[in-house]
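*Asks:* Residues per chain, in single letters:
Protein chains: 2
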Amino acid sequence: MPQQTSKKHLTPITTLKQIFGDSLVTSKAICHQHGNDESFHEPHAPDAVLFAKSKQDVVKAVDVCREYKTPIIAYGTGTSLEGHVAALQGGLCIDVSNMNQILAVHHEDLQCVVEPGVRRIQLNEYLRDTGLFFPIDPGADASLGGMVSTRASGTNAVRYGTMRDNILSLEVVLANGTIIKTAKRAKKSSAGYDLTSLMIGAEGTLGIITEITLKLYGIPETIASAVCTFPSVDDAVNTTITTIQSGIAIARIELLDEKSIEAVNSYSNLALQVAPTLFMEFHGSPESVKTQSEAVGEIAAGLGGSNFRWTTNTEERSKLWQARHDAAYACKALRKNCEFMATDVCVPISRLAECIVETQKDIQDSDLLAPILGHVGDGNFHLVLLVDPTDPSEVGRAQDLHERMIHRALSMDGTCTGEHGIGYGKIDYLEAELGQATSAMQLIKQALDPDNIMNPGKILKIS
Amino acid sequence: MPQQTSKKHLTPITTLKQIFGDSLVTSKAICHQHGNDESFHEPHAPDAVLFAKSKQDVVKAVDVCREYKTPIIAYGTGTSLEGHVAALQGGLCIDVSNMNQILAVHHEDLQCVVEPGVRRIQLNEYLRDTGLFFPIDPGADASLGGMVSTRASGTNAVRYGTMRDNILSLEVVLANGTIIKTAKRAKKSSAGYDLTSLMIGAEGTLGIITEITLKLYGIPETIASAVCTFPSVDDAVNTTITTIQSGIAIARIELLDEKSIEAVNSYSNLALQVAPTLFMEFHGSPESVKTQSEAVGEIAAGLGGSNFRWTTNTEERSKLWQARHDAAYACKALRKNCEFMATDVCVPISRLAECIVETQKDIQDSDLLAPILGHVGDGNFHLVLLVDPTDPSEVGRAQDLHERMIHRALSMDGTCTGEHGIGYGKIDYLEAELGQATSAMQLIKQALDPDNIMNPGKILKIS
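Protein chains in written order, with our numbering: chain V, 1 to 463; chain L, 1 to 463.
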């Protein structure tokens, strides 16, 4: 076993180099890139990056790393938002982006099997001719492996659920080098512990995902989009609550606050009224889409909504949702040379308006610029803090605001992260949220990864 | 610590008696009843039954049992089907049926919080005036705690999902005596390992559930039911596949084979044509229910379906679904003095017709009587073997048939149990189904319950 010195990882890397040759890269630029995600958290480069080609590569790498107790961090596209890919203790990054084959489409079962490096847009382009699609859309063109690992969701979750609801089975390489398949392809099962769900959202701390069986859906016959402005966040949220309680299967319902609307108007060349606004989408037959749109229009009107417009025009719809997808960049463009701190919380929808309004007041009182965007149907919203990194006072106020927002969400029986995950950015908040349950998580982590080689320093602090 | 003798459990029971007084019962009749479920598996009585009144009672009992390494088996209503409540090694049964309070209804959040002894029908009666309901319906009037623990589903799962999809959070007493809360009430979260899902379907082997936060749904404005007969199982299954692929959100779609129809005709005084038959249900607005019913009628007609009738008449609908719920008893009534072996498997829907047809042929070749009933939208079906327990040859043929059916389902990428669970009845099949994954389950079990006191002998064989 190697000495605990700065040369700690030299021996395993040499061993890995002998096995993998050119697939193992140690160049500074590649290592730096792989230790960095899209978050504001400090990047940490791994000692080497393995561009894995197969599950056998993953097993071989895990076997070497276990022998040397070398950290292993899986990498898909690096679009995570809580420092998930940062190699906090160095070690080996396993880049799975070349494991990008769509292995099977089971049309009648509404399922497909993919490697973890397959990206969301790649999958839907591949599926288009089959009439099927995979609905989970976190915004970024993320890898499916990464989406599984962070329990991602996004704009469509209000109708189609999150990654938790859309994975049937996973193949995972455990720290002990065994390959497990967590479930068969049956749509449901009561056979044993739900290891599929355990691995979803585990952020690579319990194993490396090498195959994913996903649920698919028929591409809707008709898609309509709608926009509506409201006098207050409260009215927009109440419209959402009433819509969902009415059983309307709305596909997307997104809240943008005044600041976000300013940002998208400017960035995406729109002329929306600057007010709390809902962007919506409806999926179904032409008649059902019409019924849904009109029903929501009526609900909105009853709650002070104005300018409700719905359309099945593809161009208008694409423009609207492109603007929503670009909203984070639009927010960033509100202020030059700023650092961009994206964070999310999620609360029971009955507390959402209160949580957003209190947060908006806190932003104002803190003299900060921070548009709010929300997957309001799920009670989930994002804060996009735009901070001058050269102003320590402003950075401090931003950090304090962030912390207060999380504790506000927790006090409302909410979670410190609805869809971004814990990574190392929110590791301090997990225990505040779940208390003793984190001890049970520790026991599971220790049982499956006794040497703490799987993405150490993420989700849990291992003492 | 006590000696490993037949008096092994005497000391802990005495200790428990001192703590719980009359709430601890050791009478033979009560113990026998609590070691028995509705399955054909041999019952095993516990040494005592604690009628727990609170989570504090559960913690105290777990603390004593841990000290003495005494097995603990949770009990709700005893309606499980794989020997889940059998006290294979004696020990303490914790009956939670008195923990039956509905603690909160969060109307705007479509959630409620209940104790584990609350029963399905009790909950829906309580909710009726709120306009909300909990859709999971396994047939039996089971306790919610039991439904969580077996990952139950039933007729509504094709639209509303299973227990896996409808639990937001659990409070659980672990073997080490700590009470954990697995999640907050936010609709979604990416915060740490999904302990909620891990506990769902764990059959009381990882802890005792003391509180459940459930998802609720609006009671549909209109409910329609429909019946349709088919020339073959294949046609009925293809109608189901096409319906689901068309995006029709059918609420229930149940297959009854010829033998089941004979049974329900006789038992429930119906006059259905003896042929493979679909019972269906649609939820929605009056228009949407009409659209859905007519669309499925057209699909069925194109696949040879005949006598398609749909109705919103409550009496007709109730009669139909009462017949479906009574189908197991109806099957039993086909043969006097028989033993009733109920079992279930689940396969990808593309393989369902093949799996059922092969099983029907096998039943015929084995000279057995065994109607088939299926939650066909999920690829899940039940075999109701009617066996003369005094005929060893017939019992043997039934066991062989059962085993072949399970291996047939596994060979089709299916599961040995879609909704009944493993218990001790299917413990030998779990490894056949999931291989190495069961070793990972063993590691988790050992980490959370190192002394194997939580429902030992269920799901996993602990060596």
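Fair warning: there could be bad hints in the mix.
Taking beta-carbon pairs under 8 Å as the criterion, some of the chain L residues facing chain V (in silico) [to be verified]:
#1 S246
#2 S288
#3 L303
#4 S306
#5 N307
#6 F308
#7 I422
Which chain V residues stay away from chain L? Per the calculated CB distances, all over 10 Å, these [as the list claims (entries may be wrong)]:
#8 K28
#9 A29
#10 Q33
#11 D109
#12 R164
#13 T182
#14 D400
#15 T438
#16 I459
Estimated spans, in silico, between C-beta atoms of each pair [to be verified]:
#17 L:K361 <-> V:E38: 43 to 51 Å
#18 V:E221 <-> L:R128: 29 to 37 Å
#19 V:V274 <-> L:P450: 56 to 64 Å
#20 L:Q101 <-> V:S439: 26 to 34 Å
#21 L:E108 <-> V:E431: 36 to 44 Å
#22 L:T312 <-> V:R335: 25 to 33 Å
#23 V:G302 <-> L:K361: 46 to 54 Å
The set of hints was computed from the structure by calculation and includes no laboratory data. Idealized CB from N, CA, C, for every residue including glycine.
*Asks:* List, from low to high, the hint numbers that the structure doesn't satisfy.
*Replies:* Failing hints, ascending: 3, 4, 5, 6, 11, 12, 13, 15, 16, 17, 21, 22 and 23.
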